[in-house]
Every structure is written in structure tokens, then in C-alpha cells.
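Q: Protein chains in written order, with this note's numbering: chain A, 16 to 540; chain B, 16 to 540.
Treat the hints as calculated values from the structure; they're not laboratory data.
Keep in mind the model is a prediction, meaning the values are calculated, not measured.
Please note that the accuracy of each hint is not assured.
The list treats identical chains as one, so a pair stands whether inside a single copy or across any two.
Claimed, not checked - Here are the simulated lysine-lysine pairs, DSS-like style, with alpha carbons at most 25 angstroms apart:
1. Lys-389 <-> Lys-403
2. Lys-87 <-> Lys-121
3. Lys-173 <-> Lys-121
4. Lys-347 <-> Lys-445
5. Lys-510 <-> Lys-108
6. Lys-26 <-> Lys-323
7. Lys-26 <-> Lys-445
2 protein chains.
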Amino acid sequence: MAEQAKIQSTKVTIIRNDAFVQTADNLKPTLFNNAITPTQLINVQSDSTAMHNWRTVHEADIAALDNRAFGKGESVIIDFGDHQVGYVSFDIKPVGSPPDAPLKLKLTFGEMPVEMAEPFSSYNGWISSSWLQEETLIVDVLPRHVELPRRYSFRYLKIEVIDTSPKYRVSFLNMTCNTVTSADIDNAIQLNHSDPLLQEIDRVSIKTLADCMQDVFEDGPKRDRRLWLGDLRLQALANYPTFQSNDLVKRCLYLFASVPDERGAIAANLFIEPHLIADDTYLFDYSLFFTVTLYDYYLATHDEATLKELWPTAMRQVELALERLDHRGIVKDEDTWWSFIDWHEQLNKQAPSQAVLIYTLRRAIHLSKAVGCKQSVDFEQRLIDIEKATVECLWDADQGFFVSGDQRQVSWATQIWMALAEVLPEDNNKALMLRLLSVKPEVGPTTPYMYHHLVEALLVVGCRDEAIEHLKTYWGGMLSDGADTFWELYDPQNKDFSPYGSHLINSYCHAWSCTPTYLIRHYDL
Amino acid sequence: MAEQAKIQSTKVTIIRNDAFVQTADNLKPTLFNNAITPTQLINVQSDSTAMHNWRTVHEADIAALDNRAFGKGESVIIDFGDHQVGYVSFDIKPVGSPPDAPLKLKLTFGEMPVEMAEPFSSYNGWISSSWLQEETLIVDVLPRHVELPRRYSFRYLKIEVIDTSPKYRVSFLNMTCNTVTSADIDNAIQLNHSDPLLQEIDRVSIKTLADCMQDVFEDGPKRDRRLWLGDLRLQALANYPTFQSNDLVKRCLYLFASVPDERGAIAANLFIEPHLIADDTYLFDYSLFFTVTLYDYYLATHDEATLKELWPTAMRQVELALERLDHRGIVKDEDTWWSFIDWHEQLNKQAPSQAVLIYTLRRAIHLSKAVGCKQSVDFEQRLIDIEKATVECLWDADQGFFVSGDQRQVSWATQIWMALAEVLPEDNNKALMLRLLSVKPEVGPTTPYMYHHLVEALLVVGCRDEAIEHLKTYWGGMLSDGADTFWELYDPQNKDFSPYGSHLINSYCHAWSCTPTYLIRHYDL
Numbered sequence: 016m017a018e019q020a021k022i023q024s025t026k027v028t029i030i031r032n033d034a035f036v037q038t039a040d041n042l043k044p045t046l047f048n049n050a051i052t053p054t055q056l057i058n059v060q061s062d063s064t065a066m067h068n069w070r071t072v073h074e075a076d077i078a079a080l081d082n083r084a085f086g087k088g089e090s091v092i093i094d095f096g097d098h099q100v101g102y103v104s105f106d107i108k109p110v111g112s113p114p115d116a117p118l119k120l121k122l123t124f125g126e127m128p129v130e131m132a133e134p135f136s137s138y139n140g141w142i143s144s145s146w147l148q149e150e151t152l153i154v155d156v157l158p159r160h161v162e163l164p165r166r167y168s169f170r171y172l173k174i175e176v177i178d179t180s181p182k183y184r185v186s187f188l189n190m191t192c193n194t195v196t197s198a199d200i201d202n203a204i205q206l207n208h209s210d211p212l213l214q215e216i217d218r219v220s221i222k223t224l225a226d227c228m229q230d231v232f233e234d235g236p237k238r239d240r241r242l243w244l245g246d247l248r249l250q251a252l253a254n255y256p257t258f259q260s261n262d263l264v265k266r267c268l269y270l271f272a273s274v275p276d277e278r279g280a281i282a283a284n285l286f287i288e289p290h291l292i293a294d295d296t297y298l299f300d301y302s303l304f305f306t307v308t309l310y311d312y313y314l315a316t317h318d319e320a321t322l323k324e325l326w327p328t329a330m331r332q333v334e335l336a337l338e339r340l341d342h343r344g345i346v347k348d349e350d351t352w353w354s355f356i357d358w359h360e361q362l363n364k365q366a367p368s369q370a371v372l373i374y375t376l377r378r379a380i381h382l383s384k385a386v387g388c389k390q391s392v393d394f395e396q397r398l399i400d401i402e403k404a405t406v407e408c409l410w411d412a413d414q415g416f417f418v419s420g421d422q423r424q425v426s427w428a429t430q431i432w433m434a435l436a437e438v439l440p441e442d443n444n445k446a447l448m449l450r451l452l453s454v455k456p457e458v459g460p461t462t463p464y465m466y467h468h469l470v471e472a473l474l475v476v477g478c479r480d481e482a483i484e485h486l487k488t489y490w491g492g493m494l495s496d497g498a499d500t501f502w503e504l505y506d507p508q509n510k511d512f513s514p515y516g517s518h519l520i521n522s523y524c525h526a527w528s529c530t531p532t533y534l535i536r537h538y539d540l
Numbered sequence: 016m017a018e019q020a021k022i023q024s025t026k027v028t029i030i031r032n033d034a035f036v037q038t039a040d041n042l043k044p045t046l047f048n049n050a051i052t053p054t055q056l057i058n059v060q061s062d063s064t065a066m067h068n069w070r071t072v073h074e075a076d077i078a079a080l081d082n083r084a085f086g087k088g089e090s091v092i093i094d095f096g097d098h099q100v101g102y103v104s105f106d107i108k109p110v111g112s113p114p115d116a117p118l119k120l121k122l123t124f125g126e127m128p129v130e131m132a133e134p135f136s137s138y139n140g141w142i143s144s145s146w147l148q149e150e151t152l153i154v155d156v157l158p159r160h161v162e163l164p165r166r167y168s169f170r171y172l173k174i175e176v177i178d179t180s181p182k183y184r185v186s187f188l189n190m191t192c193n194t195v196t197s198a199d200i201d202n203a204i205q206l207n208h209s210d211p212l213l214q215e216i217d218r219v220s221i222k223t224l225a226d227c228m229q230d231v232f233e234d235g236p237k238r239d240r241r242l243w244l245g246d247l248r249l250q251a252l253a254n255y256p257t258f259q260s261n262d263l264v265k266r267c268l269y270l271f272a273s274v275p276d277e278r279g280a281i282a283a284n285l286f287i288e289p290h291l292i293a294d295d296t297y298l299f300d301y302s303l304f305f306t307v308t309l310y311d312y313y314l315a316t317h318d319e320a321t322l323k324e325l326w327p328t329a330m331r332q333v334e335l336a337l338e339r340l341d342h343r344g345i346v347k348d349e350d351t352w353w354s355f356i357d358w359h360e361q362l363n364k365q366a367p368s369q370a371v372l373i374y375t376l377r378r379a380i381h382l383s384k385a386v387g388c389k390q391s392v393d394f395e396q397r398l399i400d401i402e403k404a405t406v407e408c409l410w411d412a413d414q415g416f417f418v419s420g421d422q423r424q425v426s427w428a429t430q431i432w433m434a435l436a437e438v439l440p441e442d443n444n445k446a447l448m449l450r451l452l453s454v455k456p457e458v459g460p461t462t463p464y465m466y467h468h469l470v471e472a473l474l475v476v477g478c479r480d481e482a483i484e485h486l487k488t489y490w491g492g493m494l495s496d497g498a499d500t501f502w503e504l505y506d507p508q509n510k511d512f513s514p515y516g517s518h519l520i521n522s523y524c525h526a527w528s529c530t531p532t533y534l535i536r537h538y539d540l
């Protein structure tokens, strides 16, 4: 996920667990490198039928680049053929008289054609423009071998010659991207699906996951390049049946457990560089996902030592969430309270958060028993009470939907999470999801993150055909719209949607969109 | 000097002398470093009485910088107290929440207040905007120690925070410029002049020279950072009575002599990095100044070995210049012909170039005799013939001036160089200079380079008072207008003058302006 924390900043004291930090450090992965060379030179053209109204057109074979020389005001767009995450290097050769003035270049990296077409100076969104991937390079001495020190997430590179001098031009040679990932791509478990669309969706899911697997599971290699709990949970699920980098999941769990606040709460995300820092953003649902992620990890690995060591942290997240319940047993809904659920300004977070708590509590009870913790008895009783309260207070029998907040909002997110939490009996749960698809309440899902939960909820209640249809339509839609990796945001009804005020700043390779491989393989679709 | 070569580009074959290259390499100087910290924070204010209409005002003591934190859109101007040439480093510390987006900074270096006040984006001159000293820096991880890899020539540094994120601001600490020069400043020969203005002009001359003394004698550390023969000649003259870095002069002479073309001609300037390259610009006067610079070097050092080794190169420049004479013995004036003389679009170069040849021939005869070369006899006869032809063809007895070109132009440059060349008898030569000061022909001097020759010509003909007056008025004028080092261009009548189309691109520490220390000391002013 991303910059939820626009205004949230919590003052807390971090209680550092150095032993956990050490365990996490010992699990630091080796990065795999691959030298990628570009495939063609392209242009971008306006096309009202294309995503963001821009499509790429072939301009020349890549071999043509060596023989071109660029002067002031000239530019070229280089296509690396697929989404890449890595470090770019190239050589600059002067052509003409000896260079009698520095060379000034502007480099623009883009995951999507729109980033090549629309100037970054037009960006006016509310999160930092510094995420837009560009560099201004002034070179005093030519020829020059350039190794850009920053890591980029891109398919396209535009080079603009801002200035040379009237006496020389420049050529660009040996253009290379040295990619980095901690995913062992060559040894990933293969899928051979009879449905070519599901096979392709699976392939792009794995590519998306791999490009987000670095030193930790990052949310997006373009933005925010950070370890978020909500993304980690889904990446871990996609990882188990593919790369099986289970130690990377373990590392991330230990990192989160290393820096709780004084109450034991786990932060929504961590900074890894220059050293481990818990962000001052805390989210109700994300903290609980620590427990859920540990549950999923334990199911995948049966790693009892890790479970035992991290169980107190996992239990604590549930305890803290339970403290937010009012006298009825319902999560208090206040202005000072933060839960993510989905990027939707109108979405009330109370009922879906209640459902996330129930969902987590169920798994906490399982873990509690696995470690032989007495807490399981109390948790089981609380679960009964809370489920009862949920139906009493949040179920609207007339509408046949759960409602959220003072305004009794009926949202997709609430029904989806209640279905995942299995609050209603099995038949009623299925009826709830079918009713949701039929009635289509106005406050709908906006992100692949929520679409994942929609598809999984359909699978949980037994609506397999509807699940496959939604998966194909949504992720297949991204493919039709030109995705090389799955995107942070995709609203088929509003393809320019960005919660940040500009599609230029959206991430087009984003962890929470990589789950189809999990859904296809885990549910044998 | 600078970008004379706007359109000149000569196709030649370079005959490399590896032994000379080795000699030059062995003379590579050690650079002296000095860590300079800034002195204050300033602002720039519009002021119609100030140079370029901008003056600096004190904003805060430098100590205040540590305690300031800058957010998006904020900026600060840091004053390093004097002109500096070197490498800048500083630390960036985040303030507030952990930085959740990269930091984007724009750094602007300026020798003059105008560079802090007027945006470089407004530059529309004809030489490359890449000379404007700026950097855009995007920093992914904070805190960060920044060591900028490029060398800057500046007094002021403006830092603009283009973007951070709403959650953090940044402070700048440990701001340092590690200066570089090959001048041994601590052991420079001191002057104690009774006239405080001449004393101050001498001090700033030496500072200017030191800032241009790097691996070679550069013309300007801001622009072009290159070894030009016209500048070298004057720097060498300023060096002998001050730093006495005579080996650096020797190194530069060997560098020029290393890469003649197939006819033996010496290029107007050299590129030193990435390896020695002769620029494809050849100037009639600059090639001859190789001979003159060797003459001055021999006079200062009595280094006979160097004279002997470089004499053939020096002699060849004179021979090539003599080949340009027409049947009368006058330098041919054509469109394809290049001589620098001064930055003045209307200036005809024929007569001043004729004078430079006579000036050089006189010195070549001296050197020829010193090495026992038989060529001296021929050169002596040629000098007699050429002086005779010069008076016959270029002297206008009615006007009492030498004329140049088809249009018989009367310029300051022509009279000054004819005076320096001592073409007329002593009394007539003095009368010529006094007439020049009185009549003031329209085509006047525009650069400190030509003002140097004006003052020296006055001294040569015995007009000592007038020389001192011009020296004080011109270089003292620069001091009054705020010079920390002497400028590439200064026209008291038109202070915005730039031959490049913008005062932003002018160099404000320029080798050819450092000569007052030579004039004051050599002529005991």
C-alpha cells in the first residue's frame, strides 16, 4: 500500500528487540542480478482507446541506437522490452569536435507510456513529486561510462539532451539494466494451466512478485519501496506456491516484531535504510495482519520455533484490537482512528475492521492452541461474543447486508470482509456474496487489494465461477490495457483513477496486485 | 578566453610527440586543499545601483543554518565569504517523521549575486547552458552525507527544496568547500604597496590567478576550465613575480608542443581530460603566443634545456604566420581566417594581427640567437621588411592612426598592438597612444584582456600616469562593483555586456583579468 499516512503521525516510544533484529539480519537474502539490454526504440502517440490515452509505436530496432547522435533538444525513448527493477548503466560517446562544454541530460524512467508522454512538471498530486523517476545529469568529461547510483522501476527510458554545444553531439552505447531481485526465478514452481488467460495472469503475477522481492518484500519498487504489513501478507501468500522464499517472510516478520511501540503495537510499515525504523503510522487492520501473516507462515512451513518466538507479538496485536471494542463488542468508530481496508474516501472502516478482527481472532485461536497458550480459552469466548454482537449490531436483516458506522453504510468492503470472516452460517455467507454481486452497492472496491479480497471471499463461500470471472475480468483487463506487471490501482470504470491526484505517480508494479498466482494455485482454479 | 570557436572547426591531423607528453606528465602539479566553511546566510535584493541590479543582504549568521529545517518550496542562500573553487560536501538530516519519500533538491552555484537572483531557466545565450552551475539531487535514504563529484567555482550556494513529503523537513549541516589550487598561496611573494587601491588590486589579481591554477593554467574555473594559449601567456606573466610556479608554465608549454597539426601549428587550446586533445580551433595570434610565452618563460627562468627543446615548435609558429603575408608583407584578411585579439563583433583583425606578428618576431629573433639558430638572420631581414610594409600600407598619416582591413578601420586594438610591437619610433609611439586616449575611436576595448594590453602599451611608450589611471579605474571599478576575483568581461559603459548573450554565463574569475599583479610589480607602479 502507500501513503495512507498523509496526516497520520503517532508519537510513540519504540521498544527495540535486538535479538529479533539479529535474527532478521541473519536472514538477509542474496540478490540475483541479470544484465538486461533494451529491445527497441519507440515513440508514444496519442490514442483515445489506449490506457491513459497513450500507446507506444516502434520507431527503430535497438541496433539503430549505436549509430545515432543527439544534439541539443533531441531525445530518444528506449524500450527495455518488459518491466525491470535495477541499476542502469551506459556509455556516452561524443561525436564531432572535442566537447567544449559539459553535456546536460535529462533521464526519465517510466513503467507506463504515459510517463514518457506527459511531462513530470505537469504533476500536481499531493504526494511527493520526488517519486517521479527522473535524473538531471551534467557530465564534464566525455566519453563517460555512467552508472546511475539509484535503483529504478521501469520499462521505458527517455533520454533528452538538454544541451551540448554547437560543436558536438552524443551517442549512447552499451545501454544495460542490471536487474535485482531476491526471487529465485529459475527455480520457481511452474504452472501449466489449460486456460491461456489464467496461465498469463499467473505469469505476470509472479513477475510482479519477483520485482517487489528485494532485501525485504517491498510494496512497489517505484513507490514506496517499503515493507508494509498489508502487502507482506499477500506477497507471502503468493510466494508459498511459487518462489518459496519462506525465509524472506520470516525475516520480515522478525523485522516487524523487532520494533513494537511501548504498548506492543506493530507499525503499519518499516523503513529498512539507513537502519531499521518503525514508521509512525499504525493501522488497526495492518497490525492484525501480523498475526494473520504468522498464521499463514506457520501453515506453509510448520516452523514451530518461529511461531513460538513470535506468538507473544501476534497475541498482543489481538489484545490491542480487542481494547478498541465498545461495551457492545463493536470496534469504536472515531475520527482519530485509522484502518486501511481500501483506498476509498467515502468508505466507513468500522464494519470491515470488525470483520478483520474476527478473521484474525479465528487464526489467533489456532496459533494459540499450537503453542499451548492458555489464552486460547479466552479468545474462543471473545470470538463467540463478538460474532454475536456483530450480527446484532451490524447486520441489517431488511437489506440483507452488514452496515458500517453511524450512517449505516453498505459497502462492498464490509460484505467482503464479513464473508472472509465467516460470520454468517455457510449458506447465508454465500447468499451475502451473491446478493452483493447482484445489488452492487455504490461504495465499491477501488484497488487490486480489495479485488483480491472480493475474489477470495467468492471462493471461500463457494462461488467458484463468479470468482474466476472476476479474476479474469479484472486482472485480464489490466493485461488488455498493457500491463507488464500488475498495477497498484486499476478501476475499469475510471482508468485514470489515482488516490494521489495523478496517474503519473501511481505504481505500476505493486505487491498487493500479485495475488492471482496464489488464488489460481491455492484454490486450483 | 572562451568560446571563440562558435563555428570554427578545422580538419587537421595531429602529430603527437610522446616524449613531450611524458615531460608534461612528469610536471603535473600537486593540488593544495583547504576546507572552507561558509560565513553567513544571505538574501538577494533588487538594487538599481548594484552590479546586474542585485545586491546581497545579510540574513543570518551561519550558525543559524544548523537549526533551520526546510520543507517543500523553501530555500536558503549560503555565502562562503569569498570566491572558492572546489568540491562541496554537506550532511542532510531529516527532521520530523521518518522520510517516507525521496528528497529532491536543486543546488545553484554562483560567483555573483545575479546567479542567485535570476533563474537559470531564463538563460537564452548562444553558448551551452550546461555551463550554468546547478545540480538536481534526488536522495532516497536520509540522513545522507553528500559529496558532490563535480568541481564548482562560486561564492554563493542556493539550496532549494523541490520536494520532501508532508511528513518531514531537512536540515543541512557541516557545509564545506574543499578548495583546490596548484598555487602555493602561503609562499607567494608579498607586495607592500603604499597605495591601498593598488595593494587591493594586486591581492585580488593573485586570488584570481590562484583560482585558475589547477592541473594546468585554466582560463576560468567556471567556464571553460581549459588551457588556452592567450590566457596562459598572461597567467605566466602574473605567476613569475608571485607564485613562481614556473614548472606549471613549462608543463603547459610542453602540452601545447605535444600535439601540433601536420603543418606544425599549435592549437588555440587543449583538452586535458579524459586525455590530451588539441581542440580543432586555430587562431593566428594564439599560435604566435606559444613563441611569446616561451620567450617570457626563458627570460624568467633561463631554462636553456627547455628553450632548446621547444625552439623548433616556437620557430614553426612564426614561419606559419609569415606564410599568411601577401606580396606586400601584410597579413591577408579573409573570411576563412581566425585571429582573436578581442571580443568585439565589429573589430577587424588584420592590423592588430600584423602587430602581434611583429611583436612575436622580435622575440623569436632573441630566442633564435639564444639557441644559436641560423634562422635569426632571415627573421631579422623579414622583420625589417614587414615593419616597412606595415608603415607603408597600414599607417594613415592624415589620421595619425594605423588602419585595418578593406574598410580602413581605426580601432583601439590596432593602435595598442602596434604600440606594443614598437613599430613606430619611440616618440611617435608615445604620440600614438596619447592620440588614442584623446580621440577615442569608436571600436574600443571590451575585455580585461584588451585593457591589459592598453595599460601595458601605455607603460611601454612611457605613459606611466595614464597607465596607472586606467588600471585603477578599470580593475578598481570591478572592485567597486563587488568583484571577489576579476571578471572575464567588464565594460564600465555597459555592465551587462556579454558576448554570449547573457551575463549569467559570463565567468567572474578569469585568467586574462589577473594581470594587474604583473603590471604593478614588473613595472614597479
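Q: So, for every hint listed, does it hold in this structure?
A: Cross-check of the supplied hints:
In the homo-oligomer, the alpha carbons of Lys-389 and Lys-403 lie at most 25 angstroms apart inside one protomer (23 angstroms), although the nearest pairing across protomers, at 117 angstroms, exceeds that limit. Both within a single protomer and between protomers do Lys-87 and Lys-121 lie at most 25 angstroms apart by alpha-carbon distance, with minima of 11 angstroms and 22 angstroms respectively. Both within a single protomer and between protomers do Lys-173 and Lys-121 lie at most 25 angstroms apart by alpha-carbon distance, with minima of 8 angstroms and 21 angstroms respectively. Taking the shortest Cα distances, Lys-347 and Lys-445 never come within 25 angstroms of each other, neither inside one copy (28 angstroms) nor across copies (100 angstroms).
Proximity of Lys-510 to Lys-108 under the C-alpha cut-off of 25 angstroms is found in neither arrangement, the shortest distances being 41 angstroms within a copy and 39 angstroms between copies. For the identical chains of this complex, Lys-26 and Lys-323 are neighbours neither inside a copy (30 angstroms) nor across copies (79 angstroms), given an alpha-carbon limit of 25 angstroms. Proximity of Lys-26 to Lys-445 under the C-alpha cut-off of 25 angstroms is found in neither arrangement, the shortest distances being 43 angstroms within a copy and 83 angstroms between copies.
The structure shown violates the earlier hints numbered 4, 5, 6, 7.
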